[in-house]
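**Student:** Residue strings, one per chain:
2 protein chains.
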Amino acid sequence: MIDITGVLEPYAKTPTGEKISLHKQLVERLQRAILSGRLPSGVVLSSSRTLASELGISRNTVVLAYEHLAAEGYVIADQQGTRVAKLNLQSEVLNSDIETKEKPFTLANRWETFSDVSSQSLPTAALLAPGLPSLTDFPLALWRRSLERAVKQLYRHSLASKDPLGEQSLRKAIAVHLQISRGVQCDAEQVVITEGAQQALELCVKLMTNPDDTIWIEDPCYNGAKSVLDIETFKIIPIPVDKEGISVPHDLWLTNVPKLVFTSPAHQYPTGSVLSVSRRLELLDQARKAGSWIIEDDYDGDFRHLGSPIASMQGLINNSPVIYIGSFSKTMYPTLRIGFMVLPKQIMNQAAPVLSKLLRSSNQIQQTALADFMTSGEFGRHLGRMRRIYRERQKVLKTALVQHFKQNWILGGSAGMHLTLKLPVSIDDKYIARKAQELGINVHALSTFYSKAQSNHSGLVIGYGNTHKDKIPEAVDILSKLIKFKEYKF
Amino acid sequence: MIDITGVLEPYAKTPTGEKISLHKQLVERLQRAILSGRLPSGVVLSSSRTLASELGISRNTVVLAYEHLAAEGYVIADQQGTRVAKLNLQSEVLNSDIETKEKPFTLANRWETFSDVSSQSLPTAALLAPGLPSLTDFPLALWRRSLERAVKQLYRHSLASKDPLGEQSLRKAIAVHLQISRGVQCDAEQVVITEGAQQALELCVKLMTNPDDTIWIEDPCYNGAKSVLDIETFKIIPIPVDKEGISVPHDLWLTNVPKLVFTSPAHQYPTGSVLSVSRRLELLDQARKAGSWIIEDDYDGDFRHLGSPIASMQGLINNSPVIYIGSFSKTMYPTLRIGFMVLPKQIMNQAAPVLSKLLRSSNQIQQTALADFMTSGEFGRHLGRMRRIYRERQKVLKTALVQHFKQNWILGGSAGMHLTLKLPVSIDDKYIARKAQELGINVHALSTFYSKAQSNHSGLVIGYGNTHKDKIPEAVDILSKLIKFKEYKF
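Chains as they are written, first to last, in my numbering: chain A, 3 to 492; chain B, 3 to 492.
Just chain A, with the same shape it has in the complex (with noise of 0.2 Å):
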């Protein structure tokens, strides 16, 4: 048995001045002599009376230190005392503060390709962005009432269950308004909550593919869809879209039959067109009977310009083979990432278990408070009041662009919040993208959005949702500029 009192390091005081007990510090001395090799392997211990009285603390403090020390390996206690264990400290991974340089770090091979174009911050201050609602005219004072009787509602019970498919309350209230304003044929229990649009279409994939299905896409194509699938091995058919919407070649369904098809008929991303009745049903019926599933993304779908909304492609037939999907990020604001997804009826028993598994729902306070915004007819007057600002934004936008540019250029207007610029083939839209963007103009180049074998498309996507009437004008000016200083230099 050792005095080791001398091979204990001092008391040290925390950073951050934290109360620490006598028994943790203890314990951490003891460790850190051990660990050093200050107290080598073998070495017995001052009895817990000796090193009490020693450090002048009490001895049940030392007896829990050293019992402490047993349960983590550090000593054994034994006949003889307390011993320190035998631990392997000639290895360099005590001493070694310097990084492994060897094996360096490597993502999973599946991020090689990965870059950080979808990045999350929204630029909220730049012009003419498209994607985002208009944040200044969101009715928050009204949202926090919404809220704030959410929490008032987080009762004990609800502390270790809910329905990882989502609170009932808004389920229920989604399926009322998707059944009056967007004709969608569903009750409560076939909405599920998602976190945005983007986790429904990632649930899609996981429930329904296998690896090396085919899938079909609209070419072009709103980015998240693509990027949903980049990671996984599908074989992704692009479509082409026309005025009518997604235009499939008859022989296709022969000869690459899709597990899915993505598509958004009521304003498609980002051309604007509508899908044509005469091409849904021939999709529907084209997909029951191939046992295919169209997923209907009803982009933009609450804010339709021209007449009243057109109805869902989900509701056109009974039982038909559509997962339709929507979200709050642009009819309430983006970071509330909300979104939700109406499975057929005949595939929910066997969905539903994998989808609890599956979803988490960490959200119940804002999706109770979405509900209470929904059913007190907040969330009704609200769109109300987006479509007219909307409405408004876009006929100066359309103004300001006839200006500068052939009225047949000008894409798209039915519904959402932005419009469409188609430019000559000559014009590299990626590099006036960037120049406008350097100027705090966040328009995107359409050619983005194309898949490679369609890349003589040039143009502009240009957004007016968050961006004040009176602001648009001068952006537009900037923009015909930019796009005129490069005409001429072709």
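It cannot be assumed that every hint is accurate.
Note: identical chains are not told apart, hence a pair may lie in one copy or across any two.
Claimed, not checked - Calculated cross-link-like contacts (lysine-lysine; reagent style DSS-like; alpha-carbon spacing at most 27 Å):
hint, residue 1, residue 2
1, K359, K208
2, K408, K473
3, K228, K208
4, K208, K237
The set of hints was computed from the structure by calculation and includes no laboratory data.
Got chain A sorted already, so can you dock chain B onto it with the hints?
**Tutor:** This is chain B only, laid out in the frame that chain A set:
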């Protein structure tokens, strides 16, 4: 041009009594007439003036309805007037109310072996359920106050952008807590907020592993870890656990280098072993040499019952090859579903953009509230209160068990909210667990945590977190009767 009023259905009332505009009603009546074939392809519709006067509505409403139908492709408007478009109505798609019987829905192959064991709805009323904290002792009123403060902190600028890795305030609060109470070496930048420990595990796997990589797990192992790995194609090697924790055969480092090693060193689940310091050093040393990563799931780390908490493996050496994972499901409540991981500094640069893509972090308000709860000191006080409650409950449970079973059948107890009762292998623990569940006692069968290679285990995992001490002895009494009854039969 024909008079079309005769083929239109009468106005229908909506079941919900919602107001539907005349415009929308007219559009839908015309659509139904076309889809049903009552207005066949090629038919020229009444002029807008005629139809308006016949229906007694404004002409403008009819003009807009015709425009809407043209936009959707139901009609074609040209010099000859408005004609019904050619639609593929001979297909059965419109008339078939029947579900497609030939091609029944099947989930993706990866779900074939999936069984719905880990239901998210925890049986809050059940006795002795492992994994549940005391719900009646959760300070709900204080927590609501933190939530209310978080609602007030939802500012307009946070509607569109946030840090996908988690609210800065929470990342900071967790870093401080881990440094002080768990000896973790980290700063806020290394902390990533997840939806529970489960998502943190999933992210590690996604981030770091390639198909066919080798992964070591503990045997027995927490089922959540297994379920993360289930759906991928890894080489899973179960490593036996003894009283000193995971016991790696030395040559395994040569023959089967792991990409990841899943461990729960502070309190192994379900055996309750504490990983000894010599094994910790060995594991760290070998992992660093092999370029492997250790996942330290700090299961129950906050509820140490003997002495002060055992420090984390992550902080044992500098620049350790460890990803530290934790959750608030047990220290707060399960449906909060906030977890976190601490990534090594050297991998943050590469990992952050990928994580930004994978994380959605939809629970801003809960995250801000938790940061408030922690920095205000409420979390620390809550942990202290709960530790005292759990210690008392554990003592009562041990006392009750000892009356019926041998002392050395009882494993664990140094931390957490459960004890494990070993049983003779002749007893079918799954049968006992099933029978107990029928009687409202939700203990888990120990054998279900083991790999196939270790089928010679029987026992019960008994939680005391959410069972009042007065109810424990009677529940144990029932368990002992179930077990003894069974024993007699063998």
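**Student:** Compare the structure with each hint and give your call.
**Tutor:** Evaluated hints:
In this assembly of identical chains, the alpha carbons of K359 and K208 lie at most 27 Å apart whether taken from the same copy (12 Å) or from different copies (17 Å). Within a single copy, K408 and K473 get their C-alpha atoms as close as 21 Å, which meets the 27 Å cut-off; across copies the closest is 80 Å, which misses it. For the homomeric pair K228 and K208, the shortest alpha-carbon distances inside one copy (15 Å) and between copies (18 Å) are both at most 27 Å. With identical chains, the CA atoms of K208 and K237 are at most 27 Å apart both within one copy (15 Å) and between copies (21 Å).
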